[in-house]
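Number of protein chains: 4
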Amino acid sequence: GSDSSNKRHVGPPLDTVLQSLGRIQNSKERAKVLFEWLIAPVQPDDFFRCIWEKKPALIRRHNLKYYDGFFSTSEFDRILREDNVQFGVNLDVTSYSNGVRETHNPPGRALPLVVWDYYKNGCSLRLLNPQSFSITVWNTLSVLQELFTSMVGANMYLTPPGTQGFAPHYDDIEAFVVQLEGKKRWRVYSPRNSLEMLPQFSSVNFNDGDLGEPILETILEAGDLLYFPRGFIHQGDCLPDEHSLHITVSSFQRNSWVDLLDKLLPAALQIAADDDVEFRKGLPLDYLDYMGVQNTASFNPRRENFIRKVQELMGKLAEYAPVDAAVDQKAKAFLHDCLPPVLTPAEVDCSVYGAPARWENGDVKECIIQLEKDTPIRFLRGGIARLCSNGEACLLYYTTENSRVYHQEAPKSIEIEAEHVEALEYLLHCYPQYVTVESLPCEDMDVKLAVATMLFEKGLLTTKERLTPLTSSRANY
Amino acid sequence: GSDSSNKRHVGPPLDTVLQSLGRIQNSKERAKVLFEWLIAPVQPDDFFRCIWEKKPALIRRHNLKYYDGFFSTSEFDRILREDNVQFGVNLDVTSYSNGVRETHNPPGRALPLVVWDYYKNGCSLRLLNPQSFSITVWNTLSVLQELFTSMVGANMYLTPPGTQGFAPHYDDIEAFVVQLEGKKRWRVYSPRNSLEMLPQFSSVNFNDGDLGEPILETILEAGDLLYFPRGFIHQGDCLPDEHSLHITVSSFQRNSWVDLLDKLLPAALQIAADDDVEFRKGLPLDYLDYMGVQNTASFNPRRENFIRKVQELMGKLAEYAPVDAAVDQKAKAFLHDCLPPVLTPAEVDCSVYGAPARWENGDVKECIIQLEKDTPIRFLRGGIARLCSNGEACLLYYTTENSRVYHQEAPKSIEIEAEHVEALEYLLHCYPQYVTVESLPCEDMDVKLAVATMLFEKGLLTTKERLTPLTSSRANY
Amino acid sequence: GSDSSNKRHVGPPLDTVLQSLGRIQNSKERAKVLFEWLIAPVQPDDFFRCIWEKKPALIRRHNLKYYDGFFSTSEFDRILREDNVQFGVNLDVTSYSNGVRETHNPPGRALPLVVWDYYKNGCSLRLLNPQSFSITVWNTLSVLQELFTSMVGANMYLTPPGTQGFAPHYDDIEAFVVQLEGKKRWRVYSPRNSLEMLPQFSSVNFNDGDLGEPILETILEAGDLLYFPRGFIHQGDCLPDEHSLHITVSSFQRNSWVDLLDKLLPAALQIAADDDVEFRKGLPLDYLDYMGVQNTASFNPRRENFIRKVQELMGKLAEYAPVDAAVDQKAKAFLHDCLPPVLTPAEVDCSVYGAPARWENGDVKECIIQLEKDTPIRFLRGGIARLCSNGEACLLYYTTENSRVYHQEAPKSIEIEAEHVEALEYLLHCYPQYVTVESLPCEDMDVKLAVATMLFEKGLLTTKERLTPLTSSRANY
Amino acid sequence: GSDSSNKRHVGPPLDTVLQSLGRIQNSKERAKVLFEWLIAPVQPDDFFRCIWEKKPALIRRHNLKYYDGFFSTSEFDRILREDNVQFGVNLDVTSYSNGVRETHNPPGRALPLVVWDYYKNGCSLRLLNPQSFSITVWNTLSVLQELFTSMVGANMYLTPPGTQGFAPHYDDIEAFVVQLEGKKRWRVYSPRNSLEMLPQFSSVNFNDGDLGEPILETILEAGDLLYFPRGFIHQGDCLPDEHSLHITVSSFQRNSWVDLLDKLLPAALQIAADDDVEFRKGLPLDYLDYMGVQNTASFNPRRENFIRKVQELMGKLAEYAPVDAAVDQKAKAFLHDCLPPVLTPAEVDCSVYGAPARWENGDVKECIIQLEKDTPIRFLRGGIARLCSNGEACLLYYTTENSRVYHQEAPKSIEIEAEHVEALEYLLHCYPQYVTVESLPCEDMDVKLAVATMLFEKGLLTTKERLTPLTSSRANY
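As given, the protein sequences belong to chains G, C, Y and L, one line each in that order. Convert by adding 100 to the 1-based position in the first sequence; the result is the number in our numbering. Convert by adding 100 to the 1-based position in the second sequence; the result is the number in our numbering. Convert by adding 100 to the 1-based position in the third sequence; the result is the number in our numbering. Convert by adding 100 to the 1-based position in the fourth sequence; the result is the number in our numbering.
Heads up, a few of these hints could be off.
Identical chains share a label here; the pair holds if one copy fits it or two copies do between them.
Here are the simulated DSSO-like pairs of lysine-lysine, each with C-alpha atoms no more than 30 Å apart in a straight line [claimed, not checked]:
no., residue 1, residue 2
1, 381, 473
2, 465, 564
3, 465, 107
4, 220, 416
5, 155, 128
No wet-lab data here; the hints were simulated from the structure. In this text, all values refer to a predicted model and were calculated from it rather than measured experimentally.
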């Protein structure tokens, strides 16, 4: 995965990229374009086919400014000054020297004077979830999450010259190391055995004796990118005369087949048991005589019959597996994990967020926004809402009221009345196309307007054009 | 399953049967003999092949005294007088008339005067778990549980003449209605559809409109037995001029394949995920676009691929299924559910329970019982103990310290040292044969004596002959 | 408190004493007579005036058989054999030698063979709450609790010759050491300082260095009694050639003024705050400037004002103290702590427990017991029930359905309807006099009969004469 | 308390007042000056002597602009637009018409379009805790809390013309209604009886039938203030042609003597019980015979003795009352309730918040701030920290890391080493005087510097002059 070319790779700055995304109608498309920029000149298709989950990749750009505007130590300094950054909650002070990994967090708020003093004394600084403090990081991750359909997170690492902040270890996420300032020497090692390939959980801290030879050793410079899959052990240290700042963008934590099956299997078993009396038949009267750990060495032929029967039933389970319902459970959790979208000016204008209703000169002005039967509408973005059934009711889960701070808000959903469900499915499938209110598959015009207005006022829809307010009020409550 | 013969069936009284069981070496064999008596003249093999879990069976004996000694209203009267029977906890006062099912439990202790007054006013009395109060019921159920390897429970029902105490319903257990006194008219109905065959859970109370025609209608008399599988709706009412007393012996609650799979599947998935990287690979980036309830109508070919992949992984699961470990989880729960054994005089004599150690004339006498290398030993009964692994340690679960009251005691187990495990397996498999201490597969004689003594003192072993006490004390503690 | 006389003290055996109690009408009187026997020839009045809570007392009787029938090692041996005695729950195996106090409890049931083996190896045996296993101990304690109006408990201690089972310590209860068999040397020490006089909580284990000279050193022999108040350090050890068995009867744990005030003060404060606006007035704006630990050295005159104001309000509290309600909280807790009564044959005969209602020859016989307007009734015993208010409702708490095992049952009470309250107060105050149903202060005869019947059926009343059953049934339910 | 003068009262705008506070050295003094402005031309001393907790007061200013800059409907509109205001959490939509009080909160975020639509339809809007959204409100309340030494809160109420949003009721706080825009008619009623004077808890909603005649009826105009104590019933409604906006500033919730006694009494009792054996003596043997609700009518002379004894002990309690420790419990709770301070530019400059340490040109600049022995220091503000003992350790509680959102952060404290305690007491008492590091009462200069540096870096101290950074780093960690 190493790129040995010496060609300088040039691209637009992130601000420009983010602005230009606004011109792309489909939010999923926006995610692809932004990811393309992140890993350019590697092509996303190539990346996902040859590299993703398989091996590390180094993208060297010979362009120190490629990631300018993403994040910087100056912004970190501003955050310390202006925001309530707490040691141990948002910021970790760490060191790794002579094989000893230490954490130095004092209690309470992390003020610049104290933080920078640690830094000057050789400690590394890890800012957790910089998206809570930086709008650009928030915007970037929230766009990318539509590509990964799995939470996209980030941590910032600032390392003083000549030091290392962390012991070698592997993580449980796919990691994109975005080098923003200075340089860092990285060493990446293959998973030590097949059990540690694409692991479900992160490793402990290793020491050098646990490691073999790195499969990749390089000095990452500002503007470069290093990717490695979960399970690949890695360590990074600074050269004697230069600090390093990078953000690791991560995704695919607990997002593998086993995580889906974990939700699927109990549901499949319950359906099978409800449906197929074979599952409800009693166990053999004598099974404890030949089954169980104390009988594993027994040659009783009934063991084989018993095991065969179990396998037969397990074989049948697949027929009953409610795959879509299990996917919805994963989807619900993902929508709760999501960052809320950072709206473009156009999105604001054509949604409830830009409605002109306001207080002016002692009264409310322009508070009547009326969707009409021929108003073209669509969901605000592709990934902000999803229709799931919880057995009884049909619920629309959505991300727009999530917090920038992970899980600070409870999962958000609204219950959808039966007569509105089809309209919602229609709107979800038509995205990114606009459709008129009239075209919604509902019984009559009143219902069409009601469902569209409800979604619009909830902030989930945009109109194609900015709506013009009326002058009289709606009916009494 | 109905027996229309008019022949009187004669058998030994229960007391005699229980006593004679003591002469049978193998406790599993005892269980079969007792069950044979319970359903005589039907043969157990026939019963389990043709009737069990399939259809009701009526065993008519024309012998009012067949079940004499099992339980009686007089014993119930004695229990009310002598034991702390609590309304709502141990005794329910119920009525079902004009389609209305009511419970009349006052708070507090159920004293005869009040209980009998309810009875005289037409209420039915249900004594829950009479095994907590009657030694014969306890003994009977504790023997039978070795046949069913599933908890065997019981309830007593006393119904005044001309009344009905319960609405038609079905249960989640296999039911043996043992008619002890008087008569009762029973109507049994087939499960209403395949979903209600061998159901996992009991039904609500039905009313007549929910039912079709009974497949069995009969007047059960003292000495008769009526069996029906879970899922068969039933109701019983008394004739105008005769009360009815019966005990329903039950088993196989939550003891079907689904209950085993419920424990097996999560374990199988975890093993598969640990072992096979296919399970740990990430989900497709775009799966939320075509999977989930909102996409069930979609014709995206990726849906099929996704579902096929899920099924393929589910298919692989069977290979990883730790069937024995899952059986052990069921076994542990069963051993906790078990009644403790009612020991025969011979069992007492040859176990720690009959050890002559005692206080006499101001001092302890005969407190040294020494197993010797040639002492023949075996487990007290076949079903009282079981060796299970809990991942780390090996534990011997046992029933002898359980309570007659359901789950009043926590599950009982002792951790078995690694060097003792093989000896325990040997002892468990040799049952009902006696083996000498010497023959235990342990490193040396000291260990053999230690493990045998530990089990003997714990009350889990019997010797073939009563041991003769020594005269000097064991070493200091 | 030591009795140096050499006169042999003779008294009736406990069985005779307990039987003769039945002839005493007032249960409180019974308690006094039994206590008189326990401490004879010391007079109860003298005891409570001069010794109780003040100093140890030794009652030497030169009569080894004085306490015969209370408890014995043989009965303990029988209990081990017949009852489910659990190590650590009901029985402790202890030793104290070379200044080291150890507990040797294995897990599980305590079977005689193992228990006696510990004993032979020099371990002491402490049976907790022998009242759960011995009817005589139960009977004795349940009678005495009416004297102490505080829970009366007991532990049994069996000590091998030449050993000591416990380190020196003091307890939080008044202790009556009843020597039953053998001999024990006791050393009792005064509280070490005023803080340890009548302490709220038991001490840690001391060693000899913590102790001064004993104020009492004696060899207690069977038939003797040793009393010492809480806070008096004590230790006992056996002579080389004789074992010791004693029961310590205890009372007055958490039964002092502080325990009452603990319930009283929050209630008093709430009433004062509701009633007197002075308590609800705001704190001074500036009180944090001169009050609080950081200002204790300050000479601000406002401190004095503030403290004076607090003291003034505290002084007012006494006026609002709901003493009776707080006493009732203590009383409720005591009634929950109480052992249920062991009924005399006469008590059984004239109460619901002896009602002749029974099953006979296939039907219920004599189930109609009717209180008449001239039936003389009274409470079964003086201390078995108490009327308390819980703010809203009036509740009758009672002890008759308590368990012999401490707090195995929840507190028992019945809510009393307003129109029945006066009748209950009347019945409670009339005890031990019998009164007719007619004399109850209720609106009409129906209510009088209803309240009397309810209490009778609940087992709380006795009639003066055994009631004769009627022949027809009561009205339908 | 009504002011009938027609004189226009002029004062400086709030912004100017707040700025000028920065020139006052003592933060307690600042609080007084700000409060003076709030209630001008009434004098604070007069107010607290004659009005506070006693009666309503109307301050009419004939100056619509008096409170300009405090808050406005325009700012509320901005908050809806920019902040995450949630219905039911931060904003309530209410109405009261025809005697019916309703709440109309939908779920989720409150967006302007929807909020203003409710308003146009006659609903009132209550913004809870506007200090979480408005810096000026935050600043104002955080200054005032030093005067009240009790949490100062606020709610905003916006009412459409011709409507009323709330039913008549009384609150459990002292209320300052600050009329900001429009007009509102207020009716205030005396507490209905002495039990409702200065009540501990708010009332239910009343209807007109519950009320008598108002003692104050007025039309409050912008620039006016209305004060009423807790317990005074009040209702306000808008005139037909004008909306109303006011903020109610509140304090003294649960800040009365009873709240202090609630913490004091259990502590006093425990100390008394530890110290005085009279409290630990046993209750009389027979107290249940004459005490308790069932004996209240009894004339037993022992009742009087018992009650007298209780009162005597309660009387003694005052001697043991740990008033300062109880005050500290209240103080801790108050410090947790406090808003963090809004720092003045000068406070920033001379504290760690203005330390020049920063990232610049790839490295940390000016990160060494060194307190010297002659550096004058003091606490940042008077009320931001307090030294309390928790029995074992000495803790400094502080407010500077609290959140603007009520109790979003846990209580903040640092444990103070024994050798630092005296220095802290000295610093706390010297406020607002500056003292040199050297003057701190510590063992040696190193300790003095350590404690001062610790407090400075924690953000709790200011220096008199801005500190000049050094150029080299502190010693290694």
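Pop the pair residue 155 and residue 128 into one bin, within, between, both or neither, using alpha-carbon distances up to 30 Å. For residue 155 and residue 128, only the intra-copy Cα distance (25 Å) is at most 30 Å; the inter-copy one is 59 Å.
With identical chains treated as interchangeable, where does the CA-CA distance between residue 381 and residue 473 reach 30 Å or less: within a copy, between copies, both, or neither? neither (57 Å within a copy, 47 Å between copies)
When Cα atoms must be at most 30 Å apart, do residue 465 and residue 564 count as within-copy, between-copy, both, or neither? Classified as within: same-chain Cα gap 23 Å, cross-chain 51 Å, threshold 30 Å.
Between copies, within a copy, both or neither: which fits residue 220 and residue 416 at Cα up to 30 Å? Answer is neither; intra-copy 63 Å and inter-copy 55 Å both fail.
Between the shortest in-copy and the shortest cross-copy C-alpha distance, which are at most 30 Å for residue 465 and residue 107: within, between, both, or neither? neither (58 Å within a copy, 35 Å between copies)
Of the numbered hints listed earlier, those contradicted by the structure are 1, 3 and 4.
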